[in-house]
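Visitor: In terms of the working numbering, the sequence shown opens at residue 55 and continues consecutively.
By construction, these hints were calculated from the structure, which means they are not laboratory data. Hints are not guaranteed to be accurate.
[To be verified] Heads up, simulated EDC-like pairs for lysine to aspartate or glutamate below, C-alpha to C-alpha not over 16 Å straight-line: (1) 132 to 169; (2) 64 to 211; (3) 72 to 123; (4) 331 to 288; (5) 299 to 288; (6) 188 to 100; (7) 188 to 177; (8) 338 to 306; (9) 325 to 230; (10) 331 to 306; (11) 336 to 211.
[As the list claims (entries may be wrong)] Taking CB as the label site, the calculated pair distances span: (12) 206 to 162: 51 to 57 Å; (13) 184 to 339: 41 to 47 Å; (14) 180 to 140: 35 to 41 Å; (15) 203 to 83: 17 to 23 Å; (16) 339 to 240: 36 to 42 Å; (17) 235 to 338: 35 to 41 Å; (18) 338 to 288: 16 to 22 Å; (19) 125 to 177: 17 to 23 Å.
Quick caveat: nothing in here was measured; it's all calculated off a predicted structure. Where a beta carbon is used, it is the ideal one built from N, C-alpha and C, also for glycine.
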Amino acid sequence: MIKSMTGYGKALVVLANKSITIEIKALNSKYFDFVSRIPSLYKEKEPQIRTLFNAVLERGKIELSIGIENKGVDTSVKVNQAAAQAYLKQISELKDQLHLPEDPNLLSTLLKMPDVLSSPVEDLNEAEWLEVEKGLKLAAENINAYRVDEGKALLQDFIQRIALIKDYSEAVVPFEEPRIDLLKTRFKKSLNGLIEDASFDSNRFEQELIYYIEKLDITEEKVRLARHLDYFIETIHDDGANGKKLNFIAQEIGREINTIGSKANSADIQKLVVMMKDELEKIKEQLSNIL
Numbered sequence: 055m056i057k058s059m060t061g062y063g064k065a066l067v068v069l070a071n072k073s074i075t076i077e078i079k080a081l082n083s084k085y086f087d088f089v090s091r092i093p094s095l096y097k098e099k100e101p102q103i104r105t106l107f108n109a110v111l112e113r114g115k116i117e118l119s120i121g122i123e124n125k126g127v128d129t130s131v132k133v134n135q136a137a138a139q140a141y142l143k144q145i146s147e148l149k150d151q152l153h154l155p156e157d158p159n160l161l162s163t164l165l166k167m168p169d170v171l172s173s174p175v176e177d178l179n180e181a182e183w184l185e186v187e188k189g190l191k192l193a194a195e196n197i198n199a200y201r202v203d204e205g206k207a208l209l210q211d212f213i214q215r216i217a218l219i220k221d222y223s224e225a226v227v228p229f230e231e232p233r234i235d236l237l238k239t240r241f242k243k244s245l246n247g248l249i250e251d252a253s254f255d256s257n258r259f260e261q262e263l264i265y266y267i268e269k270l271d272i273t274e275e276k277v278r279l280a281r282h283l284d285y286f287i288e289t290i291h292d293d294g295a296n297g298k299k300l301n302f303i304a305q306e307i308g309r310e311i312n313t314i315g316s317k318a319n320s321a322d323i324q325k326l327v328v329m330m331k332d333e334l335e336k337i338k339e340q341l342s343n344i345l
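Using the sequences provided together with the hints, build the complete structure.
Guide: Set out below in structure tokens:
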């Protein structure tokens with residue numbers, strides 16, 4: 055069963071002293087691409103998180119966001135007064151040297167200087183990490199559920215468009231023989247004018263005629279096209295990720311349609327070829343979103 059590559063998953067981890075919100079968004083990508091915005095507390099676990107998502111989500115651009123809401127814990131920021139005074143002294147001396155006016159935003163500027171503000175450093179304990187890991191797995195499972203639901207809608211769209219291409223291919227049949235008969239008639243008219251020419255070689259002309267008509271025959275292309283269409287339907291029902299495989303099959307479908315168009319020599323068949331190409335292009339657009 056096909057799955058969409060896009061998706062969204064969320065999980066909430068509630069601990070005694072904090073609530074942790076985990077959000078994962080998946081977008082289209084040819085490869086596995088992982089981007090995270092997580093608190094420094096969990097940075098040491100980032101390689102482990104990446105490995106987890108690579109195994110569960112397989113492919114796509116994966117964006118992870120983790121937010122922490124502390125409950126009843128002293129998270130007060132401490133001011134390094136010594137550093138602030140050192141900065142203030144240098145700023146005051148520079149102001150006097152350059153004869154600058156007083157800065158009403160001086161305090162705000164000082165607080166933004168490096169090492170002036172500091173937060174208590176929290177160590178990650180194993181019990182908390184195990185709960186966070188469960189939340190990460192749950193969010194990843196939610197994304198996969200989302201992907202499956204989107205995949206069901208895409209499945210029906212693919213089935214309908216493949217059926218349309220089949221119908222257009224079968225609609226070519228009534229126009230095949232008339233175009234050959236028309237060509238034969240044209241050749242016969244030309245032949246009547248050439249027979250009177252002493253240098254005319256009837257055997258060579260007949261060989262050329264057979265060769266040309268065979269070059270216009272699209273039977274093999276239609277047979278291969280039908281096989282590729284059936285194979286596409288079989289593949290979308292297979293288990294596992296098959297987006298890349300479906301892309302390869304779509305390329306083969308396009309190759310046969312193009313060959314039919316190049317051999318058509320008929321306005322009616324060309325119209326059907328254009329309609330087949332239109333449906334195939336819509337399929338290819340959707341395939342970029344298939345895992």
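Visitor: Could you run down the list of hints and mark each one as holding or not?
Guide: For each hint, the structure was consulted:
1. 132 to 169: 10 Å, holds
2. 64 to 211: 28 Å, violated
3. 72 to 123: 5 Å, holds
4. 331 to 288: Between residue 331 and residue 288 the Cα gap is close to 21 Å, so the pair fails against 16 Å, i.e. violated.
5. 299 to 288: 11 Å, holds
6. 188 to 100: 15 Å, holds
7. 188 to 177: 19 Å, violated
8. 338 to 306: With a Cα-Cα distance of about 12 Å, the restraint between residue 338 and residue 306 holds, given a limit of 16 Å.
9. 325 to 230: Roughly 13 Å separates the two Cα atoms, so the pair holds.
10. 331 to 306: With Cα atoms ~12 Å apart, residue 331 and residue 306 stay inside 16 Å; holds.
11. 336 to 211: 10 Å, holds
12. 206 to 162: 51 to 57 Å: 54 Å, holds
13. 184 to 339: 41 to 47 Å: 42 Å, holds
14. 180 to 140: 35 to 41 Å: 40 Å, holds
15. 203 to 83: 17 to 23 Å: Holds - the Cβ-Cβ distance for residue 203 and residue 83, about 20 Å, lies within 17 to 23 Å.
16. 339 to 240: 36 to 42 Å: The hint (36 to 42 Å, Cβ to Cβ) holds, given that residue 339 and residue 240 are roughly 41 Å apart.
17. 235 to 338: 35 to 41 Å: Holds: the Cβ-Cβ distance is about 36 Å, inside 35 to 41 Å.
18. 338 to 288: 16 to 22 Å: 18 Å, holds
19. 125 to 177: 17 to 23 Å: 18 Å, holds
Checked against the numbered hints above, the structure violates hints 2, 4 and 7; every other hint is satisfied.
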